[in-house]
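S.K.: Here are the chains, one letter per residue:
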Amino acid sequence: MKMPSPPIPKFLRPSPPRPGRNGRDGRPNGGHMPAPPSTKEQASEAGASVVGWLDERSGMSPFLRGFLYRKVPKGTNWYYTFGSATMFAFLSQAVTGVFLAMYYEPDPTRAYESASHITNDVFLGELVRGMHKWGSSVMIILIFLHMGRTFVFGAYKYPRELNWIIGVVLLVLTLAMGLTGYLLPFDQRSFWATVVAVNINASGPVIGPYLADFLRAGAEFGGTTISRFYAIHMLLIPLLIAALIGAHLYLVAKLGTTAPPWLKAEKKELAKEEI
Amino acid sequence: MADTPSQNPDRKSGYTSDRGIAGAFEGETVTRRRFMEGTALAVGGVASAAFGLPALGFALGPMFEDTSSTRWQPVGPEDDFTDSDYVPRVINVAPDIGDAGKTTIYVRRFNKKMDKVIKGQDPQPYVAISTRCAHLGCPVAYKEAAQKFICPCHGGIYGVQGEVLGGPPVRPLDRFYTRVGNDGQVEIGDRFSLNSQLERFSPRDPSNHLDGLWQYLYPSRPTT
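In the order they appear, the protein sequences are chains A and B. Quick note: the first sequence uses our numbering, first residue 1, plus one each step. Quick note: the second sequence uses our numbering, first residue 276, plus one each step.
Since the hints were made in silico from the structure, they are not lab data. In this text, a Cβ means the ideal position worked out from N, Cα and C, and glycines have one as well. One or more hints might be untrue.
[Claimed, not checked] Which residues of chain A face chain B? A few of them, derived with a C-beta cut under 10 Å, are: (1) A85; (2) V196; (3) V198; (4) A202; (5) Y210.
Assemble the whole structure, with the sequences as input and the hints as a guide.
M.R.: Structure follows, in structure tokens:
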């Protein structure tokens, strides 16, 4: 199976061997014995053979080729990158979150101390915590830009309604990440903001009080509330988001993207003129 | 319906032949493929339920159990309190979590002239007002000069009885049960909620209405 050649600029590509010579090292092709491959050749061969080995056993390359080299409509522009920008914001949140979890302690008496320990003492802690904190806002902003692009370009229409629905679920899950993550620094602001947020949940008729008790793990903000929020924040919702991003991307690759509306309008104009 | 048992001696059951199951035994009504499909799905479902249901119950359990057992907390001798002014005291509503589990309450003695006695409800010897705002749970503060409880978050204002004077709160401030212990200490017990007539209800979350038909839309906890 032939792999697509990587898009390297021409001047970086290795030149083909000259006729009458055996290899790139320029040794003469003595007539009988081919020169042994150089280290460089062996290295590049090893890379190719590893990829070949994986591909032969997984059959990934047709899928990857279809996914990465799929055709996009004319007029595709920078606005189409908000979706992948959002995905990278999520990946950044996931990676920084995993490393913050190495120092953070989800315990009501320890949470604040461990969070300020991350900021003040841990090497690069301020940077990683800052990335996680500000990255959350960036992710929300990017989601809304992505959603706005989809809406304004009419990319939610048939047959892409399901992808819009998955996207809305992803938006809600991301907002839930914001809610559950806000408690974790456990300072005055995050504590009282979470009290208010849980009581807003309680204001729903019939199920509201049960929902609030579920979030708090009881009638009062208690010893396990923060670990409950932590588990939801770092395990439950990220897994759901990752799975739904997979479904979202699958549908994008399967259905393709839409052309910008102004190109569709041009087409209509042309069709009218022809009539 | 093509062939009946009388016409086709190979097929003994008309029921089986109706379904056109090739090579079926007498009385077979489901193909083996379908049977295996159903079995696999059922076994998978049972296996998922076996870990899923306990996990769900584990997460939802606190909704249905009494997580805050009654504890009577002394807040000072009887002489500390009058029937005209509120005295702030700090009690613990959630044990073992440090400052996050503490809350301020305002305590005064029951005042026969001022405080209403609700029929069928024994008056508490002391009035212990919770500072949890009935709007969304922010901490209210008692301003003595104005004789009002003021909430910093969204501007809820309550009178001396904890009744709503203005702002978004939907019912008066909660109170706590009180009693006088054997050693002469005033003791604070469980929380209870009040409607606008100051009638007593089991503790509800902030934002839950308790007047008229509203009280049925915000059920009390299964445990209280």
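S.K.: Now look at each hint and say whether the structure bears it out.
M.R.: Tested hints:
1. A85: 34 Å, violated
2. V196: Nearest chain B Cβ about 4 Å off; hint holds.
3. V198: Holds - the Cβ of V198/A comes within 10 Å of chain B, reaching about 8 Å at its closest.
4. A202: 4 Å, holds
5. Y210: 5 Å, holds
Against the hints set out earlier in the document, a violation occurs for number 1 only.
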